[in-house]
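Engineer: Line by line, the protein sequences give chains G and A.
Position one of the first sequence corresponds to residue 1 (our numbering), numbered consecutively onward.
Position one of the second sequence corresponds to residue 435 (our numbering), numbered consecutively onward.
Rather than coming from a laboratory, the hints here were simulated on the basis of the structure.
The model shown is predicted, which means the values in this text are computed figures rather than measured ones.
Note that CB positions come from ideal geometry on N, CA and C, so glycine has one too.
One or more of the hints may lead you astray.
To give a feel for the contact side, a few chain G residues facing chain A, derived at Cβ under 10 angstroms [claimed, not checked]:
no.: 1; residue: I189
no.: 2; residue: K191
no.: 3; residue: Q317
no.: 4; residue: A320
Here are some chain A residues the structure puts well away from chain G; computed CB gaps all over 10 angstroms [unchecked claim]:
no.: 5; residue: L443
no.: 6; residue: I458
no.: 7; residue: G602
no.: 8; residue: S619
no.: 9; residue: G657
no.: 10; residue: L699
no.: 11; residue: L866
2 protein chains.
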Amino acid sequence: IENKSNTALLDLLGEVHYADIAEIVDELDLPEATYLIKLLDSDKTSDVLTELDEDVRERILKNLSNEEIAGELLELDTDDAADIIAELPEERVQEVISNIEDKEHAKDIVELLRYDENSAGGLMAKELVKVNENWNVLTCVKEMRAQAENVTRVHSIYVVDDDDKLKGRLSLKDLLTTSTKTQVSEVYIPKVDYVNVHDKAEDVAKVMSKYDLEAIPVIDEMGRLVGRITIDDIVDVIKEEAEKDYQLAAGITQEVEADDNIWQLTRARLPWLVLGLLGGLGSVFIMEGFEEALNEYKELFFFTPLIAAMAGNVGVQSSAIIVQGLANDVVKGSLLNRLLKEVGLSLINGSALAILVIIFGFFIDDIGLRFSLTIAVSMMSVIIVAALIGTFVPIILDKRGIDPAIATGPFITTSNDIFGIFLFFYLAKLILGF
Amino acid sequence: IENKSNTALLDLLGEVHYADIAEIVDELDLPEATYLIKLLDSDKTSDVLTELDEDVRERILKNLSNEEIAGELLELDTDDAADIIAELPEERVQEVISNIEDKEHAKDIVELLRYDENSAGGLMAKELVKVNENWNVLTCVKEMRAQAENVTRVHSIYVVDDDDKLKGRLSLKDLLTTSTKTQVSEVYIPKVDYVNVHDKAEDVAKVMSKYDLEAIPVIDEMGRLVGRITIDDIVDVIKEEAEKDYQLAAGITQEVEADDNIWQLTRARLPWLVLGLLGGLGSVFIMEGFEEALNEYKELFFFTPLIAAMAGNVGVQSSAIIVQGLANDVVKGSLLNRLLKEVGLSLINGSALAILVIIFGFFIDDIGLRFSLTIAVSMMSVIIVAALIGTFVPIILDKRGIDPAIATGPFITTSNDIFGIFLFFYLAKLILGF
Chain G
1 IENKSNTALL DLLGEVHYAD IAEIVDELDL PEATYLIKLL DSDKTSDVLT
51 ELDEDVRERI LKNLSNEEIA GELLELDTDD AADIIAELPE ERVQEVISNI
101 EDKEHAKDIV ELLRYDENSA GGLMAKELVK VNENWNVLTC VKEMRAQAEN
151 VTRVHSIYVV DDDDKLKGRL SLKDLLTTST KTQVSEVYIP KVDYVNVHDK
201 AEDVAKVMSK YDLEAIPVID EMGRLVGRIT IDDIVDVIKE EAEKDYQLAA
251 GITQEVEADD NIWQLTRARL PWLVLGLLGG LGSVFIMEGF EEALNEYKEL
301 FFFTPLIAAM AGNVGVQSSA IIVQGLANDV VKGSLLNRLL KEVGLSLING
351 SALAILVIIF GFFIDDIGLR FSLTIAVSMM SVIIVAALIG TFVPIILDKR
401 GIDPAIATGP FITTSNDIFG IFLFFYLAKL ILGF
Chain A
435 IENKSNTALL DLLGEVHYAD IAEIVDELDL PEATYLIKLL DSDKTSDVLT
485 ELDEDVRERI LKNLSNEEIA GELLELDTDD AADIIAELPE ERVQEVISNI
535 EDKEHAKDIV ELLRYDENSA GGLMAKELVK VNENWNVLTC VKEMRAQAEN
585 VTRVHSIYVV DDDDKLKGRL SLKDLLTTST KTQVSEVYIP KVDYVNVHDK
635 AEDVAKVMSK YDLEAIPVID EMGRLVGRIT IDDIVDVIKE EAEKDYQLAA
685 GITQEVEADD NIWQLTRARL PWLVLGLLGG LGSVFIMEGF EEALNEYKEL
735 FFFTPLIAAM AGNVGVQSSA IIVQGLANDV VKGSLLNRLL KEVGLSLING
785 SALAILVIIF GFFIDDIGLR FSLTIAVSMM SVIIVAALIG TFVPIILDKR
835 GIDPAIATGP FITTSNDIFG IFLFFYLAKL ILGF
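Please model the entire structure based on the sequences and the hints provided.
Structural biologist: Dropping the structure here:
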C-alpha cells in the first residue's frame, strides 16, 4: 500500500478512527510512518499523534519541522498539546511554541507546561465553559455558544465571579427554563466538587471515581478557575498507576513493555536482579556461619529454599494487601490492632503449614520427630516475622511519604530471605544445640 | 450522635454526598448502620447502598424487609439495582422483585440478571435515550424529553429502526438546528461504536478507553439496542481487573482487603502458601538426591537460596511483562522472535550477574575459581530457563483461553525454584564430576 498511491490511501483511511490509525503507524517503519502522518489532514494527524506509542511519536516528531508540529498542536486540546510539547527536546520547545498561530492557545499551553505532569495541573485542559455570576441568562447563552466551539464535550457549565473565582455550576436545564433576564447568581448551584491545581493525579482519580464525576474543575491557590479534568484522562491515570504498582511488585522499573528493545528491558530488570543476587550471597555467608551443623544436621541445609520461599511468599502477600489497602484508604485502626491481626493470621497459616511439614517428616527416613518439630517451629517463627516485615515496611514508608509499592516484590523477598534463613538456623541451633 | 436525635442527624447528613455517607455507614456497627439507612430518605438511601462495602451491604439488606428493598431499587438505575439484587439470597430475589411497583423497571432488572456480571450485559443499564429513524424531529424532541427523565446523564441519542435495531446516533446540535419536520433518517450519523451484549467486560473497557468514549450502546445477537454502558462503570472494571492481577501476582485470591477478617484472609492466602511449601519440600528431595556432593562441595548447598531467588525473580519479571503485554495487546510477532529476545536478554543479565558471583568467589577462602565458574555457569543456565518458563507459560495459558495472570506469583516462583535447583545441581555435577 505504501507505493505512493496517495488518494487510494487517503480514501482507505478516511473512515478509520484515529486510534486505529495510530496502531497502524506504530507498526510501520519510520520513513513510512512519517510519510503517512504528513499525508493525513492536520485535523486527523494531531489526534493520531496523541494516541501513538511514546517512542514512535518521539521519532516521528524529529522528522517534522517546527511549523508542522505547531500546526498539529493548534488542532489539539491544550492538555494533549502540552503533553506532546513536554516530550520535545528543550531547545525545540520555544521554537515550536512561537510557531503556534493562535496566541491564546499558545499561552494556555505554556501555562500547562508549568505544572508537574502528575498533578491536577498537569492533567487539566484549559478548554471549558464558564459564565460570570453577574451575567443574565441571555448573555450566558451567547457566550456559551462561542466558548463551546473550542470544547469537545461540555459536561458542565462553571460559574465564576469577577475575579474568576469558582462559585458553582449551572445546570443546562435551569438555564433553558428560566427567563432570559434572570441573573446567573440567582439560579446557579453553589455546591460543586473541585480539586486544587497542585493536588496529586492519584488523588484527583480517587475523588472523581468516588463521586462518579465525568469532569471536575481545577482551581488555583486563589480559588480561581484555571482548568478542567475529564474522566478519560483519569482512566489513563488509573491504568498507569496500576501498571506501575504491578511492575514494582514484579521487580521491573521504568514502565517497560513487552515490545521494548533488549537494552530498555535490561535496564529495567537488571538492578532488581542484582539486589536479589546480593541477598543470595548474604545467605551464603549466613550458612557458612552455621557450617558446623553440617555434620549432624545436614538436612537443615536442604530446607533453606523452603524457608526462603515461605518467608518471601508471606512477605509479598502481607505487603501486597497493605499496599492495596493504603491505595484504597481502607487501612484504618491502630497499629497495635494490625500487629495482633497479622500475628494471629500468621499463627493460623503457620500452624497449618507446620503440620504438613511434620507429616512430611514421617516419610523421610533419616529425619526424626525432634528434627521435624524443630523445622516446623522455626518455620512458624519465620512466617510470623516475615508477615510483620511485609506489613510494617509499607506502612512506615507510606507515613514518610514514600510510595509503599517499592516495598513489594524483590525488596521484601530479598530481605525476608536473608532474615528468614538466619532466624531459621539460629532457632534450630537453640533447639537442637549444635 | 446516635442517640435518636433524628432531625439533627438528618440536617447534618442532608448536605453530605452519598459516597461520604456510605463511608460513615461502613464504619458503624450493624444496628446503628441499619438505623441510619432507614432514617434517610429513600432517594439518598438507595445511592448510599450502591456505594457500601459488599459485606456491610449484605448485612444491612438482611435487616430490611422485601418491601423496603424494593422501594430502594425503584430509585436506582437498572444496572445498580440488578447488582444489588444479585447479592441477595436466591429465595428473596423473587419476593423483592414482585414488590417493585414499577413493572417496567422490574422487567428491566430481571433481564439484566440474566447476563454474566463480567459481560457487557452485566455492566449495562437499560436507561438510555433512543429515537426511531422514521420519526420526525418534533416527535423526537417530545419523546426524548419523556425518556430523559429516567436517565441521569444523556451522553448520546441512539437511533433505531422499527425492529429496535441500532442504526446510528444523533447529535443534539443537528437535532436543534434542523427543521422540525425533517425525518431522523436524514440527519443521523450512521457511524457508531457498539459492543455485543456477550462481550467480556474487559474488552468493553479496552474499546471505551481506546476510543475515549463516555458511553457505548450494547446490542444483542439480532443487532437490537438493549442497553448502554457508561464510563463510570468501566472505571470500576479497570480498577477491579488491576487489583485482581496484582493480587494473583502476590499470591492472594478472592479479592480480600486489608480490613477483612482473619478467616477471609486465611482462605485467600493459605492455598498459595501450601503450594510454596510443596515446592520447598520438592527441593528437599532434589537435594537429598545430590547428597553425595556434600563431602567435597558443601558450598553448593549454601548457594541454593541464591539460585532459587534468581530463578524466582527472573520468572516473575518475565511473566509480569508478558501478562501486561497480553492485557494491552502489545505482544506481537512470532514466538521464535520472542524466544530469541528472552534468551538474549537472559544472556546479558546472566553475564552481569555471573561476573558478580565470580568476583564474590575471590573473597571466600575455600572457593576456588573452578567452583566459582561452575556456580556462574549453572546460574546463567537457570536464569535462561527461568526466563523462558516465565515467558511461555502465560502465552500458552492465554492461547488456551485461561487468564495468564494466574501464572505470575507463587505459581511461577515455585516451579522455577524446583526447576532451578535441580538444574543447578545437575550442571554442577556434570562440570565438577561428583
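Engineer: Against each hint, give a clear statement of whether it holds in the structure.
Structural biologist: Status of the hints after comparison with the structure:
1. Interface hint status for G:I189: violated, as the beta-carbon distance to the closest one in chain A is roughly 12 angstroms, over 10 angstroms.
2. Annotation: interface hint on G:K191 holds; nearest CB of chain A at approximately 8 angstroms, less than 10 angstroms.
3. Hint status for G:Q317: holds, given a least beta-carbon distance of 5 angstroms to chain A, under 10 angstroms.
4. Interface hint at G:A320: satisfied, since its Cβ lies 3 angstroms from the closest Cβ of chain A, which is below the 10 angstroms cut-off.
5. Distance check on A:L443: its Cβ is at least 20 angstroms (rounded) from any Cβ of chain G, clearing the 10 angstroms threshold; non-interface status holds.
6. For A:I458, the shortest C-beta to C-beta distance to chain G comes to about 13 angstroms, beyond the 10 angstroms cut-off, and the non-interface label holds.
7. Every C-beta of chain G lies more than 10 angstroms from that of A:G602, the closest at about 14 angstroms, which supports listing it as non-interface.
8. Look at A:S619: its CB is around 20 angstroms from the nearest CB on chain G, clear of 10 angstroms, so calling it non-interface holds up.
9. At roughly 20 angstroms from the closest C-beta of chain G, the C-beta of A:G657 stays outside 10 angstroms, upholding its exclusion from the interface.
10. Distance check for A:L699 against chain G: the nearest CB is about 6 angstroms away, which does not clear 10 angstroms, and the non-interface claim fails.
11. The beta carbon of A:L866 sits about 17 angstroms from the closest Cβ of chain G, which is more than 10 angstroms, so the claim that it is off the interface holds.
Violated hints for the displayed structure, listed by number in ascending order: 1, 10.
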